[in-house]
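Asker: Protein sequence lines correspond, in order, to chains C and G. Our numbering numbers the first residue of the first sequence as 6 and each following residue consecutively. Our numbering numbers the first residue of the second sequence as 2 and each following residue consecutively.
Note that these hints are calculated values from the structure, not bench results. Just so it is clear, CB atoms sit at the ideal spot from N, CA and C, and this is done for glycine as well. Wrong hints could be hidden among the right ones.
[Said to hold, decoys possible] Under the rule of at most 25 Å between Cα atoms (straight-line distance), these lysine to any residue pairs were calculated in the SDA-like manner:
| id | chain 1 | residue 1 | chain 2 | residue 2 |
| --- | --- | --- | --- | --- |
| 1 | G | K134 | C | R326 |
| 2 | G | K72 | C | K272 |
| 3 | C | K139 | C | G315 |
| 4 | C | K139 | C | K274 |
| 5 | C | K274 | G | L27 |
| 6 | C | K312 | G | Y91 |
| 7 | C | K274 | G | N90 |
| 8 | G | K124 | C | R326 |
| 9 | G | K72 | C | P154 |
| 10 | G | K72 | C | R261 |
| 11 | G | K41 | C | F214 |
| 12 | C | K272 | G | Y91 |
| 13 | C | K274 | G | K124 |
| 14 | C | K38 | G | L27 |
| 15 | C | K145 | C | I262 |
| 16 | C | K38 | G | K124 |
| 17 | C | K249 | C | P154 |
| 18 | G | K124 | C | N230 |
| 19 | G | K135 | C | L231 |
| 20 | C | K316 | G | N89 |
| 21 | C | K38 | G | N89 |
| 22 | G | K72 | G | D109 |
| 23 | C | K338 | C | I262 |
| 24 | C | K124 | C | G108 |
[To be verified] Far from chain C, by Cβ distances over 10 Å, these chain G residues were calculated:
| id | residue |
| --- | --- |
| 25 | E37 |
| 26 | R47 |
| 27 | E107 |
| 28 | A115 |
| 29 | D123 |
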Amino acid sequence: MRLSYQILSITLILAFFISQPTFAETNGAALYKENCAVCHGNQGKGGVGVPLALPDFQYAISDQFLERTIRNGRPGRVMPAFKNLSDAQIQAIVRHIRSWAPGKPIRHPSIEVSGDPAKGRNLYAKHCAACHGKNGKGGKGTGVTFSRPRDLPIIAPALNNQGFLYAASDQMIKATLMNGREGTPMVSYLKQGLSEQDINDVVSFIRSFEKQAPARITQEPDHDNLTVAYESPYGMKETIAALKRAIIGENFRIIRIQTLDNGLVKKAKEDHNKIIIYFCNFQLLNNALAVDPRVGLFLPCRITVVKRHGKVMVYALNPKRLSYLFNNDELNKLCDGMSEVYISIIEEATL
Amino acid sequence: MKKFLPFLVLILGLSVSNQSQADDLLMARTNRDFPEAMLKLQDSIRNHGYTVSRVQRVDIGLTHSGYVTDKYRVVFFGKADLVTRLSNNYPQLIPYLPFKIAIFAEGDETLIVAANPLQLTDKAYPELEPVMKKVERDMLEIFQAMRDD
């Protein structure tokens, strides 16, 4: 009898764990920490991402805006699309975000705003482009400035972004322009002297971005090679010397030359047939970190020279292949440029 | 009861751990400031059986050249035999060895970022997959431990 009770209770416990979405799955705080905190901060104060906790933001947006933003992200503007989260998980995250600003968010009527996009274009150029960029492409970099001073304490989001335009209703955009967001550089344009009709015109102009969507470079990895590899006609020493000259010729500084297994094996055992050259250009470095602080993962620049099977080979990673990791169009451009620099250095040294 | 226990533990384990998805870029934030986070990261890497081979400054020279920036390092790590074996047999992996995790300050908190090592797998070399899966598992644990502070 006792045994069957035990079996019953175990069965019940098992049934609970199998049928229920588990604690970790629908615990909004845990899901937020796992998926969002790295960019938006543990308390929603921002970071690589914009702040989410500000009352003026929270009251002005609907749950649907949050849900759609999480599901679809902002393609090319760092914010990822969370395709793998279930609806229940996304709703749990939204509840967690809402806990920072208790109170009822505004419910915008779903009527479209009607305005004159041509007039809106001029107003946009005058009042908005300085922060949100020409054609709404967003400021340089993203999120809140913590470690590196930039143009603004919070970088203005992209408004021509398909993810934003899909999530935001006309009324939400209008409310943002009417009221501004206290605690951010985004001010109330009613107070700045625009009329409600002016604001409607600007909203119509922003909505018109939907039709002229910039052709997006896909987020998929291009299956270009992971690695750039060249054979050098010279010996190890000569190849390294030629690379050093080419690196300096491209305006970089040599930072360090070491073996591949340096620090992994005893000094005397290091393999001098595998040599890493690290180099860097401060302006490029500073630029890249401002566009996306995460890119330091692939810096400083590096070329590796290896002698294998009697041949001297030169290897570099392929920035073009890696840039998709960051979902950042601005960074893609930098990475394309970097790919060319690597190739031109290596070609010059191995010709 | 005893007989069922391992089974129960297994089910529990499965239901808790299945949340990790194969993300291409691993990222985590910790409440610790930079020096503390750096200590914890290196300990955690060592506890997973790797050697920290070098800590490379990324902000090197930036401040000297008049740029303002916060602390930024890349921590390189590996196992001597693994790095040798991989670099000998799969030269396309050479630029990605040793493995690395970037760590940088954001105010009084710290972020870590790494590329998922599974990206180094290649359909042409199926034997690489279990090797990288193991490295991935270790890295996921290292990242989770940083989040859990």
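Asker: It remains to establish, for every hint, whether it holds in the given structure.
Answerer: Hints and how they fare:
1. At roughly 21 Å between alpha-carbon atoms, G:K134 and C:R326 fall within 25 Å of each other, so this suggested pair holds.
2. Note on G:K72 and C:K272: the hinted pairing is violated, with a Cα-Cα distance of about 29 Å set against a maximum of 25 Å.
3. Between the alpha carbons of C:K139 and C:G315 the distance comes to roughly 54 Å, so the proposed pair goes past 25 Å and is violated.
4. Of the supplied pair hints, the one linking C:K139 and C:K274 is violated, its CA atoms being roughly 56 Å apart against a limit of 25 Å.
5. Straight-line distance between C-alpha atoms of C:K274 and G:L27 comes to about 33 Å, which puts the hinted pair past the 25 Å bound.
6. With a CA separation close to 14 Å, the supplied pair C:K312 and G:Y91 stays within the 25 Å bound.
7. At roughly 19 Å between alpha-carbon atoms, C:K274 and G:N90 fall within 25 Å of each other, so this suggested pair holds.
8. Between the alpha carbons of G:K124 and C:R326 the distance comes to roughly 17 Å, so the proposed pair stays at or under 25 Å and holds.
9. At most 25 Å may separate the alpha-carbon atoms for a hinted pair to count; G:K72 and C:P154 meet this at roughly 14 Å.
10. At roughly 19 Å between alpha-carbon atoms, G:K72 and C:R261 fall within 25 Å of each other, so this suggested pair holds.
11. Restraint check for G:K41 and C:F214: the C-alpha separation of about 46 Å exceeds 25 Å, so the hint is violated.
12. Only pairs whose Cα atoms come within 25 Å are accepted, and C:K272 paired with G:Y91 is accepted, the gap being roughly 24 Å.
13. For a cut-off of 25 Å, the pair hint linking C:K274 to G:K124 is broken: about 33 Å separates their Cα positions.
14. Taking the CA atoms of C:K38 and G:L27, the gap is about 13 Å. The hint holds against a cut of 25 Å.
15. A hinted pair counts as satisfied when its Cα atoms are at most 25 Å apart, and C:K145 with C:I262 does not qualify at roughly 33 Å.
16. The suggested pairing of C:K38 with G:K124 is violated, with an alpha-carbon distance near 33 Å, which exceeds 25 Å.
17. A hinted pair counts as satisfied when its Cα atoms are at most 25 Å apart, and C:K249 with C:P154 does not qualify at roughly 32 Å.
18. Of the supplied pair hints, the one linking G:K124 and C:N230 holds, its CA atoms being roughly 13 Å apart against a limit of 25 Å.
19. With a C-alpha separation of about 20 Å, the suggested pairing of G:K135 with C:L231 holds against the 25 Å cut-off.
20. Under the criterion of a C-alpha separation no larger than 25 Å, the hint pairing C:K316 with G:N89 is consistent with the structure, at around 13 Å.
21. Distance hint between C:K38 and G:N89 is unfulfilled; the C-alpha atoms sit about 39 Å from each other, more than 25 Å.
22. Pair hint G:K72 plus G:D109 holds up; C-alpha atoms about 11 Å apart against a cutoff of 25 Å.
23. Under the criterion of a C-alpha separation no larger than 25 Å, the hint pairing C:K338 with C:I262 is inconsistent with the structure, at around 28 Å.
24. Restraint check: the Cα-Cα separation between C:K124 and C:G108 comes to about 36 Å, which exceeds 25 Å; the hinted pair is violated.
25. Look at G:E37: its CB is around 16 Å from the nearest CB on chain C, clear of 10 Å, so calling it non-interface holds up.
26. Even its closest Cβ contact with chain C, about 13 Å, leaves G:R47 beyond 10 Å, as expected for a residue assigned away from the interface.
27. With a closest Cβ-Cβ approach of about 5 Å to chain C, G:E107 is found to fall inside the 10 Å limit, against its non-interface label.
28. Under the 10 Å C-beta cut-off, the non-interface status given to G:A115 relative to chain C is violated; the minimum distance is some 7 Å.
29. With a closest Cβ-Cβ approach of about 8 Å to chain C, G:D123 is found to fall inside the 10 Å limit, against its non-interface label.
When each numbered hint is compared with the structure, violations occur for hints 2, 3, 4, 5, 11, 13, 15, 16, 17, 21, 23, 24, 27, 28, 29.
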